[in-house]
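Asker: Each chain, written out:
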Amino acid sequence: MLANQIGYYSLILGFLFSFLLCGISIKDFNRSGNQISQNILSISFLQLVFVIVSFFSLVLSFINSDFSNETVFNNSHTTKPLFYKISGTWGNHEGSLLLWLLVLTLFIFLFLIKSREQPKKYRILTLLFQQVIIIGFFLFVLMTSNPFNYLFPIPTEGLGLNPILQDPALAIHPPILYLGYVGTSIIFSSSLAAVTQNYVSKEWGRHIKKWVLVSWVFLTIGIMLGSIWAYYELGWGGFWFWDPVENISLMPWLTLTALLHCIIVLERRAVLTSWVVILSITTFTLSMCGTFLVRSGILNSVHTFANDPTRGIFILIFLFILIFLSLGVFFLFHKEDNKSKNNFFWLSRETSILINNWFMMYFLSVVLIGTVYPIFLDIISSEKISVGTPFYVKLIVPFLIPLLLFMSLGPRLKWIKSKIENKNSLIITFMISVMLSFFIIKNLTTDLLFYTALVSAAFFLFFTTVKELFIKKFNNAAQSVAHFGFSLLILSILFNSILSSEIITNIKIGEKYIYSKGEIFFKKTEERKESNFNSIIGYFEIKDENEKTVELKPEIRIYNQPVIITSEADIKTTLLEDKFLVMNFVKGDEYFNIRYQVKPFMIWIWISVLLLSFGGLMSLFKKYEK
Amino acid sequence: MYGKKVKLRFIFLVLISATVILTVFLILQSLKENVVYFQSPSKIKSLIKLDKKKIRIGGMVKEQSVFINSNEVNFIITDFKNEINVIYSGAVPNLFAEGKGVVAEGFLKDKSNFSAIKILAKHDENYMPPEVTEAIGDK
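If you read the protein sequences in the order shown, they are chains L and S. Numbering of the first sequence is given in this note's numbering, commencing with residue 1 and proceeding in unit increments. Numbering of the second sequence is given in this note's numbering, commencing with residue 1 and proceeding in unit increments.
Calculated directly from the structure, the hints in this document are not laboratory data. A hint or two may mislead.
Stated by the list, open to error - Some chain L residues flagged as far from chain S (calculated, every beta-carbon gap over 12 Å):
#, residue
1, Lys394
2, Phe450
3, Ala453
As the list claims (entries may be wrong) - Straight line, CA to CA, 16 Å or less: simulated EDC-like cross-link-like pairs of lysine to aspartate or glutamate:
#, chain 1, residue 1, chain 2, residue 2
4, S, Lys53, S, Glu33
5, L, Lys394, S, Glu33
6, L, Lys548, L, Glu577
7, L, Lys572, L, Glu590
8, L, Lys120, L, Asp28
9, L, Lys572, L, Glu511
10, S, Lys32, L, Glu383
11, S, Lys45, S, Glu98
12, L, Lys508, S, Glu72
13, L, Lys543, L, Glu590
14, L, Lys524, L, Glu511
15, L, Lys523, L, Glu502
16, L, Lys512, L, Glu541
17, S, Lys118, L, Asp243
18, L, Lys572, L, Glu541
19, L, Lys384, S, Glu105
20, L, Lys543, L, Glu502
21, S, Lys43, S, Asp110
22, S, Lys118, L, Glu502
23, L, Lys508, L, Glu590
24, S, Lys43, L, Glu555
What you are looking at is a predicted structure, and each value in this text was computed from that prediction instead of being measured. Cβ coordinates follow ideal geometry from the N, Cα and C atoms, glycine included.
Could you put the whole structure together from the sequences, leaning on the hints where they help?
Answerer: Structural data, given as structure tokens:
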């Protein structure tokens, strides 16, 4: 009860402090001196504290199962384990927006602390632009999705959290993803500030690159966590479904990846200034669009909570304001930099990075159109369609071949003008990759030419990055590690998709299902009671072609509040392959529907994404050589 | 002649517009091939020609209509006006049950038989795909 009030009022105080901050900043803007006034820092800190207090009072209400709070009532239950009571805080619409706000205020405060060496006016303008976003979100939370609404009379029990969200990976997935999403807001605000101050320069590039890296690393890991969750929880045995909500997290990732590469060119050569700014604006706009599409209920998926149309309209208006603001600032203030010397050569690091950007933009348009087109068509012709995996595979996978080749060659080029060095060793590496992939692929698939080309390109990147790591004595290790991670990712995904096998059948207890490569024996079931669910555990013995037996115990859980049946896959992971078994009721409890999959190199997909983000981290902590 | 910079700009402009046109063309082309249309049982009944392409059908699983054997699940999708028989051999999602909403993806054999290759999962007991709500209409 008390926590509820504290939370609400400190949210309002935080909101009011936004205006105070804006006022002081504007006053401070024209004051002489090259440091911003200490008041700005203190008030920004206070605002952060208020939002933290507000957030933790919500957490407290969740822990205490205070059902006088509407959000808690809708999303929690007394029998839920403590961990999921806490993660329930951001497992719903209102709470997750409060988390957005928390990260927004946290990041602007960190930005102010970390940018002491930057020009004063630039810092103040960044703060102002960021406050525009923060005010927008405060209004959104307070007007349409207040997490502290009262309920009277106080219910004795809550409605519970959707059980498929009660999962460790999904408990940390939103905060990590938000750190990435919201990180892009700093990039947005500071690039607008830099444009108005005509400060899009090498120094700015170096300073903002850190923020780009931070957002990128969090976004990458956030997407991976969601993917891991989908893999074992949704029971389809895949890790990426081209579901609209997944696509929406992928889109800012693509532009952020493009920006990450582009900012290196800016940092070194002070060119491509307009492009960097446009990418920064696009990245944040895409993050916001994602929030709009997910929150408004236009997309149907796990993530659509309550579908309240007013929320969608609010975000839409807010989004348009931000887009007009940023475009206005861009066209009014941006000056084409004519100082840059006219030395452009085709064979150079710059060109290779532009090629990277070209690919990213292409992938972005594919994903964007695939995601938005069905919505668009529904509105204009009320025809309902869905765009499935084949669309994306057809348009993206073939283009990975040139992308991988450019990724292997690009980083070897020098700035401004370059030659390809060590041609012979490159050719030898390439030959080895082609032969190796030919021999591996030969017996595996019918589409020999296509897969050989694809796998060769991936192996080529694999070998060149490994060689670079060892021969160049780690002088550009961050890039090598990240690119190596990417080659490993593509290789694991390819072999995973080529070599996966699957058995789906309906089976009774005590039955044995015999297939060409082995047999599945359904021994028995066992029932178990937990605080918030009852579970039926199936005992399966699976014999493979080498007569090796594994025991897998998938579970069906029947949650009490809300009453939902979920199935928990049992997965035996080894370095070489995952064995995945999931079972389901169909009707009554005579037949169980089971899906058994052997998925090679599954764990390497996660490892390679971790390597990819580790590359980003290395770059973040790299010391600058003078 | 023109300066180097102008020439470079021109080349870039040509490259960019060429790739944009190519991209749009590619995307539209594969959209045509890979889009899956959503139909209700009533809409299928009113079809003049059978579509050979993959489609999705949505509605409710009719009460007392699910039959299961070791390699197939049979059931009826209804929108309370018309129904269609579905034959399916694949994994069944958690919340598949009689009297609940369902979306099946597959191919039409004729106007009253559908061979499904996928049944789409939904994740929330109370959540009804908007397509299904619309397909059922005012019951």
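Asker: With reference to the structure, classify each hint as holding or not holding.
Answerer: These are the hints, each one checked on the structure:
no.: 1; hint: Lys394; result: 5 Å, violated
no.: 2; hint: Phe450; result: 16 Å, holds
no.: 3; hint: Ala453; result: 18 Å, holds
no.: 4; hint: S:Lys53 - S:Glu33; result: 9 Å, holds
no.: 5; hint: L:Lys394 - S:Glu33; result: 10 Å, holds
no.: 6; hint: L:Lys548 - L:Glu577; result: 14 Å, holds
no.: 7; hint: L:Lys572 - L:Glu590; result: 26 Å, violated
no.: 8; hint: L:Lys120 - L:Asp28; result: 9 Å, holds
no.: 9; hint: L:Lys572 - L:Glu511; result: 22 Å, violated
no.: 10; hint: S:Lys32 - L:Glu383; result: 14 Å, holds
no.: 11; hint: S:Lys45 - S:Glu98; result: 22 Å, violated
no.: 12; hint: L:Lys508 - S:Glu72; result: 13 Å, holds
no.: 13; hint: L:Lys543 - L:Glu590; result: 23 Å, violated
no.: 14; hint: L:Lys524 - L:Glu511; result: 10 Å, holds
no.: 15; hint: L:Lys523 - L:Glu502; result: 20 Å, violated
no.: 16; hint: L:Lys512 - L:Glu541; result: 9 Å, holds
no.: 17; hint: S:Lys118 - L:Asp243; result: 15 Å, holds
no.: 18; hint: L:Lys572 - L:Glu541; result: 12 Å, holds
no.: 19; hint: L:Lys384 - S:Glu105; result: 13 Å, holds
no.: 20; hint: L:Lys543 - L:Glu502; result: 14 Å, holds
no.: 21; hint: S:Lys43 - S:Asp110; result: 13 Å, holds
no.: 22; hint: S:Lys118 - L:Glu502; result: 14 Å, holds
no.: 23; hint: L:Lys508 - L:Glu590; result: 6 Å, holds
no.: 24; hint: S:Lys43 - L:Glu555; result: 39 Å, violated
Taken one by one, the earlier hints fail for this structure at numbers 1, 7, 9, 11, 13, 15, 24, listed in ascending order.
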